[in-house]
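Q: As a plain string of letters, each chain reads:
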Amino acid sequence: MSNYFKILRPGINSTFQDLGRFGLQHLGIPASGCMDKSLFFISNKLVGNKVSEGTLEFAYQGPLLELVGESAFLAVSGKVNFNIIKKNGETKQGKSNESFVISSGDKIDILSTINSVYGYLSILGGFKLKKIKGSVSTLVKAKIGPNNGEKLKSGEKIFFNKSNLRGKEKKFEFDFDKDNSIRVMKGLQFDYFSKKSQEDFFSKEYKVTKLTDRMGMRLEGKKLENIISKNIKSEGIIKGSIQIPGDGQPIVLLSDHPTIGGYPKIANVITADYDKLVQKTPELNLKFKLVDLNIAESAFQDYISRFNNF
Amino acid sequence: MLKKISNIGDCGITCDFGDEVNKKTNKEVIKLFNFIQESVKSKKIKGILNYTPSYNKLIINFDLGEVKSKEVIEFIKKSDYSKINLSENNRTVEIPICYDEEFALDIKRLEKKIKLSFKEIVNEHLNTEFFVYMIGFIPGHPFMGDLEKRMQMDRLETPRVKLPKGSVGIVEKFCNIYTFESPGGWNIIGKTPLYLFDINKKDASMLSPGDTVKFKPITKKEVLSFKNE
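Heads up: the sequence lines are chains E and U, in that order. The letter at position 229 of the first sequence is residue 1384 when you use our numbering, and the numbering goes up by one with no holes. The letter at position 45 of the second sequence is residue 129 when you use our numbering, and the numbering goes up by one with no holes.
Errors might be hidden in some of the hints.
Taking CB as the label site, the calculated pair distances span [unchecked claim]:
| hint | chain 1 | residue 1 | chain 2 | residue 2 | range |
| --- | --- | --- | --- | --- | --- |
| 1 | E | Glu1360 | U | Ile89 | 51 to 59 Å |
| 2 | U | Glu158 | E | Lys1362 | 51 to 59 Å |
| 3 | U | Phe310 | E | Lys1247 | 52 to 60 Å |
| 4 | U | Glu256 | E | Gly1310 | 44 to 52 Å |
| 5 | E | Lys1365 | U | Asn207 | 28 to 36 Å |
| 6 | U | Glu185 | E | Ile1450 | 53 to 61 Å |
| 7 | E | Lys1377 | U | Ser90 | 24 to 32 Å |
| 8 | U | Ile89 | E | Ile1382 | 19 to 27 Å |
| 9 | E | Asp1346 | U | Lys108 | 24 to 32 Å |
| 10 | E | Glu1375 | U | Glu306 | 45 to 53 Å |
| 11 | U | Leu210 | E | Ser1157 | 51 to 59 Å |
| 12 | E | Asp1346 | U | Ser166 | 26 to 34 Å |
In silico negatives: residues of chain E with every beta carbon more than 12 Å from chain U [what the hints assert, rightly or not]:
| hint | residue |
| --- | --- |
| 13 | Gly1244 |
| 14 | Lys1296 |
| 15 | Lys1312 |
| 16 | Ser1318 |
Think of the hints as simulated: they come from the structure by calculation, not from any bench. Don't be surprised by glycine CBs; every beta carbon is placed ideally from N, CA and C.
With the rest of the complex left out, here is chain U:
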């Protein structure tokens, strides 16, 4: 439930759904996010510039020349966004992944640390239906969950300076995909050749907050011959 709305400076508000990081809380955030996005598109509210969901908050940024925080807060308070059906707005996406040791930079260390075999790690990852909590850090980059307890690992103590594009990592109960070459501190278990972000496409990001992701295993050969549309 929406617990609190506060101002962020004079051109933003935060809608706070409580301290828990879980799917239940995040789904409430995504409902409000979908509602705002829809309201902006259908021009039910003016002046909204950006609306950014995270685990437990939705942050809305507006143009002070068009609308003031009081009006935005009123608009949210009188709406019935909680009735929104998420499945109508969100999709399930299958993402190919290769767990070959060339790409799975941390899987050997993981085997020792969490005491699961390579096969168990892969199966656990493939059997998890991931929920996209939020996107950010770099364009199109998803934060997804939840991994089982036995798969959970801390961040690397020293982040890598450069990770190849498409690297798939895990930290705690989350899984991510580096959509661009980037520095990063996640434990890398594989790579997808699929480009998840292209600014020139109608939908620049393949994933959106609230989507569901399933991974599909492919071979190293398939990675090399993979063609992005």
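Chain E with its partners taken away, still in its complex shape:
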């Protein structure tokens, strides 16, 4: 008998993601992959999967899924408000960052992320997904990935691998970093901006706008004045780059970023602060803090050591 989840409600932007699809950017394909790597690792570790196993990523509102088949060992990572609706109708509140078992006929209703954007659902044994060029990440705009490169849709089924292992229930104490400062290094075209704008960028606040998705985060704040050229020769893009188009308002390029682009880049978000950044919801004000390579590299060591020991 096959085991699967029936999608009763897909959620706003629910896709399968792993660490990303690499080595293809020169052909126009960005890496994509999970937005928040910390939470991605946590959800896999909680169920006992290898950390690179594909997970279901959701944003704001997640899916409502009904389990068909045998019981399943799951975890939801993030700060997530969700319910387990038992077959007999009894509803109990789910606990995120803790693994748990649900039985056939039970439903998991992921209502919303709390003061954050992304959360992850993992299952012991992993979802049954077709790897495309070595990855199960979904890039919706190019229709690349499992589920024909699409977001989840109502009525579809999500199959998963049956695992003979019995999961051991685990917990992870997790909280988001509440402060809104994001560490960056100077971008390739930092000198394109006036002294005043360079100062503004690090002293004024920049508000996250609703025009934010897996491709990029548009910010709003003090206009940044370009004194050299509003366009550059198109060049390769790395996620976390902060580009300033002609209107002087920053756009942070995120995991599904365009592969090349022709706007000057004022700064780059350091790896250790990328997860923190992508969880910031619209209307929050960010403040950028300048650091150098040494600080960024040691911040990265602190960042990964949080997960290696659990």
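For chain E, the structure is supplied; the task is to place chain U on it using the hints.
A: Chain U alone, transformed into the frame defined by chain E:
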């Protein structure tokens, strides 16, 4: 020549070959690109995630958990990539094109603007051996050059919201092919029925940076009956 290597954040570097946009500069970029790609495949260097050539730069992105920028820079500095022979790594690809007015959305305007006849535009395009400078914007989408001076046109003032898949456009000295339906501001002179990108194929993109492209004229009837493998 490689002029400068700089960091891009903590997990990337850019190798800058100077400000010129020409084949000579780009061929140097492609040599380093081929070298990095080969080094990744043969595991001579670890942790490299992506390597993206553009006109005059190669941008390399790595996993900070595996390798640090200092090591990647050292690796490039001590390599002798400039000896790489490009023709061994790159191919010449023939691409069918139909210049029928149904597809060549801008050719009438071009005739007036650059004062060449339809026939002259077509011949000029067919006689050009295009070099693939880079691929990007949308998957498999090539930026190719160079067109003669008399063929050069600016971008449309207002880009079209939607261009059909396979549209072939020109802007300045460059020619492109819209590999998917897409918005776009290039002057469209024809259409190819050939699918240049299929993620399920071993080589997802038919073209790679450094390849050479020649166009071959086909009729509207041939477009309609064209079968992609």
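Q: Look at each hint and say if it fits the structure.
A: Results for each hint:
1. A hinted range of 51 to 59 Å for the beta carbons of Glu1360/E and Ile89/U is inconsistent with their spacing of about 34 Å.
2. Our hint of 51 to 59 Å for Glu158/U and Lys1362/E is violated, since their Cβ atoms are close to 41 Å apart.
3. Judged by the Cβ atoms, the range 52 to 60 Å given for Phe310/U and Lys1247/E holds: they are separated by roughly 59 Å.
4. At about 48 Å, the CB distance of Glu256/U to Gly1310/E agrees with the hint of 44 to 52 Å.
5. In this structure, Lys1365/E and Asn207/U break the distance hint of 28 to 36 Å, their C-beta atoms being roughly 50 Å apart.
6. Range check, Glu185/U to Ile1450/E: about 60 Å between beta-carbon atoms, so the 53 to 61 Å window is met.
7. For Lys1377/E and Ser90/U, the hinted distance range of 24 to 32 Å is satisfied, since their beta carbons lie about 26 Å from each other.
8. For the hinted restraint 19 to 27 Å between Ile89/U and Ile1382/E, the CB-CB distance of approximately 25 Å keeps it satisfied.
9. Between Asp1346/E and Lys108/U the C-beta distance comes to about 27 Å, which sits within the given range of 24 to 32 Å.
10. Range check, Glu1375/E to Glu306/U: Cβ separation about 51 Å, and the 45 to 53 Å hint holds.
11. For Leu210/U and Ser1157/E, the Cβ-Cβ distance of about 55 Å falls inside the hinted range of 51 to 59 Å, so the restraint holds.
12. Distance hint for Asp1346/E and Ser166/U: a CB-CB separation of about 29 Å, consistent with the stated range 26 to 34 Å.
13. Under the 12 Å C-beta cut-off, the non-interface status given to Gly1244/E relative to chain U holds; the minimum distance is some 44 Å.
14. The non-interface label for Lys1296/E is inconsistent with chain U: the shortest C-beta to C-beta separation is roughly 8 Å, within 12 Å.
15. Distance check for Lys1312/E against chain U: the nearest CB is about 22 Å away, which clears 12 Å, and the non-interface claim stands.
16. Once the 12 Å rule is applied to beta carbons, Ser1318/E is consistent with being away from chain U; the minimum gap is 27 Å.
In this structure, the hints that do not hold are numbers 1, 2, 5 and 14, in rising order.
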